[in-house]
Amino acid sequence: MSIGHTLLGLLESGPRHGYDLKRAFDEHFGQDRPLHYGQVYSTMSRLLKNGLVEVDGVEAGAGPERKRYAITDAGVTDVAQWLARPEKPEPYLQSTLYTKVVLALMTGRDAAELLDGQRTEHLRLMRGLTERKRSGDLADQLICDHALFHLEADLRWLELTAARLDKLAAAVRG
Amino acid sequence: MTPEGSLLAAEGLRKAYGPTPALDGADFSIHPGEVVAVMGPSGSGKSTLLHCLAGIIRPDSGTVRYGPHTLTDLSDTHRSALRRTDFGFVFQFGQLVPELTCLENVALPLRLNATRRKAAEHRARDWLERLEVDDVAAKRPGEISGGQGQRVAVARALAPQPRVVFADEPTGALDSLNGERVLTLLTDAARDTSAAVVLVTHEARVAAYADREIVVRDGRVKDMAGRI
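These protein sequence lines map, in sequence, to chains P and G.
Everything in the first sequence is counted per our numbering, starting at 1 for the first residue and increasing by one.
Everything in the second sequence is counted per our numbering, starting at 1001 for the first residue and increasing by one.
There could be a bad hint or two in this list.
[Stated by the list, open to error] With a Cα cut of at most 27 Å, we get these calculated BS3-like pairs of lysine-lysine:
no. : chain 1 : residue 1 : chain 2 : residue 2
1   : G       : K1222     : P       : K167
2   : G       : K1139     : G       : K1118
3   : P       : K49       : P       : K67
4   : G       : K1222     : P       : K100
5   : P       : K100      : P       : K167
[Claimed, not checked] Derived Cβ-Cβ restraints for the label pairs, each shown as a range:
no. : chain 1 : residue 1 : chain 2 : residue 2 : range
6   : G       : E1099     : P       : W82       : 30 to 40 Å
7   : G       : S1075     : P       : L142      : 48 to 58 Å
8   : G       : D1060     : P       : A139      : 45 to 55 Å
9   : G       : G1067     : P       : G117      : 27 to 37 Å
10  : G       : A1138     : P       : G136      : 27 to 37 Å
11  : G       : G1005     : P       : D26       : 39 to 49 Å
[What the hints assert, rightly or not] These stretches of chain P come out as covered by chain G in the derived footprint (C-beta under 8 Å, 3 or more residues):
no. : segment
12  : 70-82
13  : 124-132
Just so you know, the hints here were simulated from the structure itself, not pulled from any lab data.
Beta carbons: idealized from backbone N, C-alpha and C, even for Gly.
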């Protein structure tokens, strides 16, 4: 995920302090991985330097000054371009799992056992996500669904690979 | 030996259709209130396992124990009686009686167990409400959607308060949203009533509603949690 673009997008609804940005990010996108303050301030410095945000005001207090950031026209254009650009699909074929299966076959280990172990792990995670969906709000459900569909795709690959292990073994062992 | 505390357990099940083995020494067990997904590729023996566990077909060898009963030793009549009183069934489709209203469909297994009509219909209405389809009570299966029909089928399976529910691809004909709602309602209701659910599916998203999964491959069962 592009943290810079996400923070820019959050600024489109109006200027915010760094702290408000972190809170909004965590609320909407940070269920699994909340942002560190350091990430927020380093990202805002970069956006400031690139002219995508500007300082809308500074509040002086006992602690460090609190800057309020606003998005610039260039920032709005940048967000629009990012949203319109499709993400590059991941090159799954080179995944760690594929490497492990091939290595297991090459070294005479039990690749079926490896795939079964992975299936159990995937399903364990899917059960957790399903449980979270059951008790969560709509945002939780949509985020979990996205993860579930990806895990399901992996599982289909595991099934298909399990069904083709003999052929794959013959191929990798020459 | 039956695993301790299990409600339904099978050991060494073998079943062949002609020269083709469907089950080749399959073991299985489930506890009260537990939801177990039975997974595996097409033709692996999943449905044959379910039919043997439910006493619908008799295995060529091996035993199925249900509580104090050895299902595989019971007569067809006894097994039928047990299925009516203790087991509930949900299939992929085509399970409702088209001539009856949805309310009558849900009340049917209760009526077959000699519950009086009023009491049966009262309980049927409660279950339709719980499955969020009380508005179709007076309609016939041909007049409702697939998703509604499957909820009515789940209500019918659960209304007699079975101790085991057998569900064979219960959401196979539904879209994702309807399928998920049916699974949530089915597993919640089963857990609330401590019914065990044997959930046959080839979909991981469906299996994720279960407490654990087993995989049937070439007629043998692999328990992914390392249990029998």
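Quickly compare the C-alpha distance for K1139/G and K1118/G to 27 Å and report which way the hint goes. holds (18 Å)
Restraint check for K49/P with K67/P, where alpha carbons must lie at most 27 Å apart: holds (15 Å)
Does K167/P sit within 27 Å of K100/P, going by the straight-line distance between their CA atoms? Measuring from Cα to Cα gives roughly 16 Å; hence the hint holds.
Given the hint of 45 to 55 Å, check if D1060/G and A139/P actually sit that far apart at their C-beta atoms. holds (52 Å)
What's the verdict on K1222/G and K167/P, does the C-alpha distance respect the 27 Å limit or exceed it? holds (23 Å)
CB of S1075/G to CB of L142/P, is that within 48 to 58 Å? holds (53 Å)
8 Å C-beta test of the segment 70-82 of chain P against chain G, three or more residues: violated (count 0)
Just to be sure I understand the hint, the distance between the Cβ atoms of G1005/G and D26/P should be within 39 to 49 Å; is that true here? holds (43 Å)
CB-CB spacing for W82/P and E1099/G relative to the 30 to 40 Å hint: violated (58 Å)
Consistency of beta-carbon spacing, G117/P to G1067/G, with hint 27 to 37 Å: For G1067/G and G117/P the Cβ distance comes to about 34 Å; the hint holds.
Apply the coverage criterion to the segment 124-132 of chain P and chain G: a residue qualifies when its Cβ sits closer than 8 Å to a Cβ of the chain, and three qualifying residues are needed. holds (count 4)
Given the hint that K1222/G pairs with K100/P, test it: the Cα-Cα distance must not exceed 27 Å. holds (22 Å)
This entry does not satisfy hints 6, 12, going by the numbered hints stated previously.
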